[in-house]
Amino acid sequence: MSTFDLEGIWREDRDKAHRHYKTVEGELEDMAKKKSANILNKIHRKFVGEMIFSVVVVSLVGAGIFRFSIDMFIGYGVLIAGAFYMSLKLYLSLRRDIKKVNQQRVLESLEEYIRIIRLYIYRSKRFVYIVTPVAYVLGYAMALAESDITFTLQEVLIVLGSMIAFGVPVVWLMVWLTNKQYYRLMYEKHVVQLEAIRNRLKNGTGSEESQSVGS
Amino acid sequence: MVDFKTIIKEHDPILYKIGRIYSHDSAGFDDLYQEMLIQVYQSLHSFSGNARLSTWIYRVALNTALTHQRNEKKHAKVVTDERIEERECEEEPQKIAEQGEQKIEMLYKSIRKLQPEERGLIMLQLEGKKYDEIAAVIGISTSHVGVKLLRARKKLENFLREDGYEHI
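Line by line, the protein sequences give chains A and B.
Quick note on our numbering: the first sequence kicks off at 1 and runs consecutively.
Quick note on our numbering: the second sequence kicks off at 216 and runs consecutively.
Chain B extracted, bound-state conformation (with noise of 0.2 Å):
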C-alpha cells in the first residue's frame, strides 16, 4: 500500500539535493526542504498521471527552490557559502586532502554559482535524466536544453578548473 510516506522516502534524495545546491547553509537547506516538503504534499491533488511522478516531483521542487531563491534575494539576505554539515576548512581547495566528502562539497560550492535555472539543468544532467524529461522538468523545449546544458556545464567545469581540478 503506497501513501506519502513512502512517496516521500523513495523521492527524498531529490528533495535534498535540490536543497544543498539552492541553499548556502544548513538553516537555509532546512527552509528550503520544509517549503518543498510542503509544496509537494499540498500540490498531490494536482498530479494528473499523465508525467511521471519523479519528473512532477522535480518539477515542484525546482520551482520552490526559484521561487525560494527569488524571495531570498528580494530580501537582500546576506549568506555565506557554509558547508551543510558545518565542518570547516580553511584551506584553499586545491591543498585539501582528495576525501570523497570534500569533492561533494566543491561540487556543490560550484553548482550554487551558477544561475538558478543552470542549477536545476546540471542536477538533471548528474542524475541521469534524459534532455526530454529535463525539458519536462525545466519547461524548456528539448532542443534548448541541450543548449542550455552545455553552457552550465563548461561553466561548473571552468568553476572546478579555479578551484584546482583538471581531467572533469
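Here chain A stands alone, though its shape is the one from the complex (with noise of 0.2 Å):
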C-alpha cells in the first residue's frame, strides 16, 4: 500500500498554483478596462440623457417664447446655443481626458478618473451658478423690453426691486436643485462608487500576512 501525505502533496501543488497567475494577468487587464468603461459609460449615457431632455425642454419653451416674440426668440436662442456650447465643451473635454487616462494600473487610473470626473462636476457647478442668474436677469430684461411700458425712474425701480425679491429665492432654489440634488444623482454617486473601489484596492492587502499553504 502507499503512502499518502495529504498536507505535503497539496502543499506540493502551490508551485503550480502560483504559475497559474501568469496564464490569466492579461484577463485581468481587460477585466479593469471594462469595469472603468462600465462606470464611463453610465456617465456618457446620462449626459446624453441629459442633452435630448434639454432640448425636448428648451424646444417646448422656444416654440411658446417664438410664438409671444420673435425677439425674444432670437435672444432666447443665442442663450441657450451659448449654453450648449458650453456644456458641450465642457463634456467634450471630460472625454478627451478620461480617453489619455493609462488603464494599465486599475489604482492609478481610479485615482485619474475621480480627479477629472470631479473636475468636471466641479466646473460644471460653476457654470451654473454663473448662467442661472444671468439667465433669469436677461430673461426679465428681455420680457420688459418686448412689454411697450415706459417706466418711470421709480417704476423702474420697483421693478428691479420684485426682481431681486423674487429672483434670489427662485435663483437660489434653481442653483441649490441643480447642484446639490441633480449632480449628486446624475454623477457624484459614481465617482463615490470610483471612490469606494479605491480605498477598498488601497487598504485591501495593507498588513496582510502572505499566504501560507498547509501547516
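FYI, nobody ran anything at the bench for these hints, they're computed from the structure.
It cannot be assumed that every hint is accurate.
Unchecked claim - No farther apart than 30 Å at their CA atoms in a straight line, the calculated lysine-lysine pairs in the DSSO-like style are these:
{"no.": "1", "chain 1": "A", "residue 1": "Lys16", "chain 2": "B", "residue 2": "Lys328"}
{"no.": "2", "chain 1": "A", "residue 1": "Lys99", "chain 2": "B", "residue 2": "Lys224"}
{"no.": "3", "chain 1": "B", "residue 1": "Lys369", "chain 2": "A", "residue 2": "Lys22"}
All of these numbers come straight from a predicted model, not from anything done at the bench.
Reassemble the complex: the two chains are provided individually, in unrelated frames, and hints are given to aid placement.
Here you go:
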C-alpha cells in the first residue's frame, strides 16, 4: 500500500498554483478596463440623456416664446445656444481627459478618473452658478423690453426690487436643486463608487500576512 | 502601490485551487475561474476591511463555486472527471507510478467526490487555516467546523484508501 501525505501533496501543488497567475494576467487587464468603461459609459449615457431632455424642454419653451415674440425668441436662442455650447465643451473636455488615462494599472487609473470627473462636476456647478442668475436677469430684461410700457425711474426701481426679491429665492432654489441634488444623483454617486473601489484596493493588502499553504 | 492585479497575483492560488476542486475538466475550470475572478473584481467595493482580505476572497470564491455547482446540476451537465492538464491515464490508481503529479491529481479527484461544502472545508484545512477562519469563510460556527471537518476528512481518507493508498 502506498503512503499518502495529504498536507505534503497539497503543498507540492502550490508552485503550480502560483504559476497559474501568469496565464491569466492579460485577462485581468481587460477586466480592469471593462469595469472603468462601465462607469464611464453610464456617465456618457446620462450626459446624452441630459442633452436630449434639455433639447426637448428648450424647444418647447422656445416654441412658446416664438409665438409671443420673435425678438425674444432670438435672444432666447442665442442664450440657449451659448449654454449648450459651454456644456458640450465641458463634456468633450471630460471625454478627452478620460481617454488619455493609462488603464494598465487599475488604482492609478481610478485616481485619475476620480480627479477628472470631480473636476467636471466642479466646472459644471460653477457654470450653473454663473448662467442661472444671468439667464434670469436677461430673461426678465427681455420681457420688460418687449412690453411697450415706458417706466418712470420710480417704476424701474420697483421693478428691479421685485426682480431681486422674487429672483433671489428662485435662482437660489434652482442652483441648489441643480448643484446639490441633480449633480449628486447623476454624477457624484459614480465618483463615490469609484472612490470606494479605490479605497478598498488601497487598504486591501495593508498588513495582510502572506498566504501559507499547509501547516 | 496596490492594485487589483497585485491582489489577484497574491491570491490567485486560492482561485486556482477552488477552481480545481469544483470543476471536473479544463473547460469547467476555465468557466469557474472566470466567474470567480469577475465576482471578486465586482465585489471588491463591498469589502469592508473588518476581515482579512484572504478570508474575504475565499468566501467570495467558494460562494461562486457553490453557485456554479448548483447551476451545473440544474442543467444536468454530464461531466467526466478528466485531469486539468489533460494527461490521460488508463491504469488503476494503485498501479500508477508514485509521481507527485499523479498524487496531486488523485487528491483533487478524491476531494471532488465530497459534498460541495465539504470540499471547501477540506481545502481550507489543507491551506492551514484555523477553525475560526474556516468558520468565517464558510459561514458556520467554529464548533460545527470541527465536527464537519472530521466527517469530511474521514470520507476523503476512505476515498483515497479505495484507490489504494494507506498511511494518510
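Status of each hint after checking the structure:
1. A/Lys16 - B/Lys328: Satisfied, since the Cα-Cα distance of roughly 22 Å is no more than 30 Å.
2. A/Lys99 - B/Lys224: holds, 27 Å
3. B/Lys369 - A/Lys22: violated, 35 Å
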